[in-house]
Structure formats: C-alpha cells, structure tokens
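Number of protein chains: 2
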Amino acid sequence: MGNQTIYFKKQPRIVATSSIAGPKECEGIIGRYVETALMDDMFGESTYEKAECKMLSHVIHGAISNAGFNRDEVDMIVSGDLLNQIISSSFAARDFSVPFLGVYGACSTMAESLAVAAAFIDGGFCKRIVAATGSHFASAERQYRYPLELGCTRPPQAQWTVTGAGGALVADKGDGIRITGATLGKVVDYGVTDVNNMGAAMAPAAADTILAHFRGTKEDLDSYDLIVTGDLGALGSRILKDLTWEKGLDISKNHVDCGEIIYNVIEDEFQGGSGAGCSAVVLNSYLHAKMMSGGLKKILFVATGALLSPVSSGQGESIPCIAHAVVLER
Amino acid sequence: MGNQTIYFKKQPRIVATSSIAGPKECEGIIGRYVETALMDDMFGESTYEKAECKMLSHVIHGAISNAGFNRDEVDMIVSGDLLNQIISSSFAARDFSVPFLGVYGACSTMAESLAVAAAFIDGGFCKRIVAATGSHFASAERQYRYPLELGCTRPPQAQWTVTGAGGALVADKGDGIRITGATLGKVVDYGVTDVNNMGAAMAPAAADTILAHFRGTKEDLDSYDLIVTGDLGALGSRILKDLTWEKGLDISKNHVDCGEIIYNVIEDEFQGGSGAGCSAVVLNSYLHAKMMSGGLKKILFVATGALLSPVSSGQGESIPCIAHAVVLER
Chain A
1 MGNQTIYFKK QPRIVATSSI AGPKECEGII GRYVETALMD DMFGESTYEK AECKMLSHVI
61 HGAISNAGFN RDEVDMIVSG DLLNQIISSS FAARDFSVPF LGVYGACSTM AESLAVAAAF
121 IDGGFCKRIV AATGSHFASA ERQYRYPLEL GCTRPPQAQW TVTGAGGALV ADKGDGIRIT
181 GATLGKVVDY GVTDVNNMGA AMAPAAADTI LAHFRGTKED LDSYDLIVTG DLGALGSRIL
241 KDLTWEKGLD ISKNHVDCGE IIYNVIEDEF QGGSGAGCSA VVLNSYLHAK MMSGGLKKIL
301 FVATGALLSP VSSGQGESIP CIAHAVVLER
Chain B
1 MGNQTIYFKK QPRIVATSSI AGPKECEGII GRYVETALMD DMFGESTYEK AECKMLSHVI
61 HGAISNAGFN RDEVDMIVSG DLLNQIISSS FAARDFSVPF LGVYGACSTM AESLAVAAAF
121 IDGGFCKRIV AATGSHFASA ERQYRYPLEL GCTRPPQAQW TVTGAGGALV ADKGDGIRIT
181 GATLGKVVDY GVTDVNNMGA AMAPAAADTI LAHFRGTKED LDSYDLIVTG DLGALGSRIL
241 KDLTWEKGLD ISKNHVDCGE IIYNVIEDEF QGGSGAGCSA VVLNSYLHAK MMSGGLKKIL
301 FVATGALLSP VSSGQGESIP CIAHAVVLER
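If you read the protein sequences in the order shown, they are chains A and B.
According to the numbering used here, the first sequence is numbered sequentially starting from 1.
According to the numbering used here, the second sequence is numbered sequentially starting from 1.
No lab work stands behind these hints, which were simulated from the structure alone.
Okay, the calculated beta carbon distance ranges per label pair: (1) 223/B - 222/A: 54 to 64 Å; (2) 151/A - 73/B: 44 to 54 Å; (3) 71/A - 150/B: 38 to 48 Å.
All of these numbers come straight from a predicted model, not from anything done at the bench.
By construction, the Cβ of each residue, glycine as well, lies at the ideal position given by its N, Cα and C atoms.
Bound-form chain A, shown alone (with noise of 0.2 Å):
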C-alpha cells in the first residue's frame, strides 16, 4: 500500500464500553474507573480459563446493554484471546446468537478488534459490532510460561498479564468517540528470543506502526494528546522512545503506555502489564472515561502483540511482534 493507514470516511463511534479487572489490577489507577472490580480472580468459575471466559462474556453483554441494545440488534461480535484457539473468546460468543469474527492478534486484539468493527461498519456491511478481549494472569502464566502452583521466580525484565477484559460497542451513529483511521501493522522481528522480556521484543513492532502513521499520513505530533500503546512495560517503552527518536520522531511528551501505568505498585509485576486485557481495560475505563469529559481530544491507541507460542520458542524461533493503531477522536 505505500501507506498503512485507512481511513473511516463515516467515523464509526464507540458508543459504550464496558470493563472488568481483578483485585491486583483493581489497586491501581483503573481501580477508580473500571465498571466491574472483581473480589476474586476466579470470578466464580472452577478454572482459571472459565474464569478469562466469563469475564469476556461479562463486557460483551456489558458494552451492549451500556449502549442501551439489545443483543439481537447487534449485527457481530469481533473478538480474541490469548488462549490457544482462542477459546474465552469463541466460546463467550457461544452465549450471544450473534455472527462471530474471530481474530487473533495477541496483546494487540483491542486494536485489531476496533480497527475490522470500524471497516466493517464504515463500508456500510454492519451497523453495530462488540469489539472485546481480555486475559487472564494465571491462564496466561500456565499457557505461556509454567503454572503458578509450581512457584517460578519471575526474572526482573518480566511483565504481569492482567487479569481484565474489555468491549466497545462500535456504532454507524450515536454519541460516543469516533473512530477515523487505523494503521494496520506488519509483522517485525528484532530476532529478540527472550520470552520474559515481551517489552524489548514488542518496541519495534510499535516504533514501525507509529512511523508508519505519521510518515502516510503526514499529521502533526501535537495534535495527538497522547499516544497510547497497549503492553510495552517500563523498559519496552524506553526502547520505543529511543527506536522512534532515532528516525526523528520524537514521542517522549507525549507517550503513555497502558502497561506502565496499570500497576500502582512496582513489586512482583517489575516492567508492569501485559496481556489483551492490558490495554483493553485501559481503553474501555480511564482513557474512555477521559476522552469523554474532554480531558483528552484525540489519541492514537497502539495495542502490541507478541505472536510467538511456546512451539516457537522450543523450535528456536525469535519472537515476531505486530503492532496496530486507531485513531479515536471525541
């Protein structure tokens, strides 16, 4: 294409979101605008995976029911996960008789999620889709890493998946964030084979994005309040600042990162948040909650993914990331 960047001539808006994150995620600055704070990590479920399950099904019914619908005037829910085959997601779909669009991204999903319910409703095909993910710290932990009965120690440059999901309502019309663009990522690899450091691997592949954006689509830094990426860490948004630095964009005013700022206590989490629902659950309560009080105009939301699995890595592979962005704007 030359340029990654799409346009939404429409401005498909999200018209409500709902979010949910446990009591470890709960102490810190989302504590304040998540609409359900979990007491109990397991939800109420017998597994770990049920629990992820349920909490996805929980802001899928959540956003629409925010918005006012019904879940039979919902034309789809586009959704994924973390989990192999991405089973939260499938089978919260299974609870709604609604068309489901399955997508995997990663820890990039959020994005993902909005930018194909965005394409889909500005080319006139869909008038209201849920676009949702989430994940789960222990689920996560045994998939990815070992279960957590066996007691691991976690090295410093390790980043703490959230436990949380999140859902938007994407609308053809209403009152609500519009969406204007998306920038759809390429998948990029450093040949970082580290998988305790998801931050270092992921920093390029959302340097490339945000390049590619302001590069194809020739807008002003500034106007951007923020630039938001999704799970990055501590030190994964130091190496961003640098990578964009290096080709002349500098970011540093006015960068956040949803994984830096999720934990309020720097302990056992170390770099901070990571998982599909770092960002989703940053996205769907504080930066929705801001956006829609005017203290935040325009932002460009840049969830990252890491799309490695433990086959990968056993067969010696790097970890290849991707990063997408949209723009919203209130």
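Use these hints to put chain B onto chain A, whose structure you have.
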C-alpha cells in the same frame, strides 16, 4: 442484524490463487489441479510446524506472483491457521513486509479470510489482499490429539487433517471470480464432546449458516451450482443434509463437501479430510479451475470450523462450532 448476509456491491474478485498439498492429498482429485505437489510432507524443514509455515508462505507468495503483482503492491495479508497462536500465519507474514490481520476460525478460516478481505476491498480501504490458510496432518495431530510417534489407533468417525495450504489474491478489479456476498456464522454448539467426531460437531453450524443464508437472501437454491462445505467428511455431510432437510431445504442435489472428496481411497482417513487446509486447497485448486473454465458459475463456499482446544475439552466442555459462507460467482 436479523439478516446475517452482507453484500459486496463492487464485487471484489479473486484474480489469482495458489495451492500446495502433500503426497497423500495429491493421490486424490486435487492431484491434477494443485499448483505445487509435495513429494515429502516435511517440505525440506526440520519440524512439522515449520513445514506448515513454509507451505503457507509458499501460497501467499504464489497468489501474489500468479496475479502478476509485486509484494509491495499488496495492501494486506489476512490469514490464520490451526496451530496455537496461529504461528504458521504469523511467521509466514514475517517474510512479507505487508500489513497482517490474523484471524482465527479453525477450519472455517478460508471463508472467514475471504469475507474479511472482500469487506476491506469493497469498503474502499484496500485494493489487493491475500487471503490464505493451511494445515498439516502431523502438527495438528500432535497438538489436538496425540503425536504420530505414539502410533495411537484412530476411531472410525475420525477424519484426516489435510497437509496443504491455499491462498487467493482478492483485488478491486481484474478478471476472476467475483465475491458477491458473505454470510457470517454464529457459534453453534449441539453438545458434541467427541473430539474425534468433528463432522457431527460442525454439521449444525454449517446448517445454521446455510439456512441463514437462504432465509436472509431469499435466493433460490437452484441458482447455485454447488453448496460446498469445508470439512464435514462423509458422516458430517449426511448429518448436514438431514438437518437442512428437516428445516425444509433439500440441499442433497447441490451439496458437496471438500473433506468428502479430497481423498481418493477411503482407508485410514475414514470420514475424509479436515483441517483449515482442506477447503483451502480444494477451493484454490479444483474449484477455482472449474469456475474459471465455466464448469461452475455460482457456488456457496461454506467453510466449517470446530472452535475447541485440548484445554477446553479437558475441562469437560463440548465443541462449539462455526461456519462462514461466501458467494462466489463467475
């Protein structure tokens, strides 16, 4: 939506395809139509997963070059596969400096990726998109069931995951097969828990989407030369015909299943082929050739997917399934 079917006014078209299949697959009908027939299902790689990824990369490249384009003229790759975290697709996309949209619909991926590609082109966001998917018998067996090396006996209701991949270049103009509509499926679960009986699990989803298509479009069944399902196999196809007949739609004259026709000799593959590569190879070789030569004028391509994971089955869940349909016309 009430109506699950969307229409593509500009009629994006498949201007070129590419396909590859393993030695066992090439013994059957597609052997005469497939672009690349493998002599060895390792494809020169050291692992099954890497072979699967290489096949996918091969058909993405093939679809682009068969259409006479360069990589930098392609706006997006839409792809997914069966492996955890869709690593075949993500790693294949790493070889191309092209924006990547990862999708997951298990074996329904060929129809899902075509529908998404058509929507992005019809909406005016992109001009040229590759839609592709694939699967590998050995990587699927060891992920979903048992490693081949264990020599486990397969039950008679089992299917054989196709080793192969298919890709289509969808463009806004040019000579080819027109994509005129799509019916996006809902997640359907009739409570089947036998992970060796995918045909029985997926047939209700196929029936749901096919019935939704004809209910929504009011089209005449006879206007279709074929109703092609993805990988229901022999048993699943019989169930599908029963389920649609019960609802007053007798598809027995028009229906064919890619899984039922792909293998020549019914031996240890029992009910026929399955896997994302099954419908991808049949569509992008045999069906494409038949449509281009005028033997088939209009088909409803209904790829079917079982959205289970070994974890969900292990936790006692049944198998949720989905089917997406695209209308292809010459």
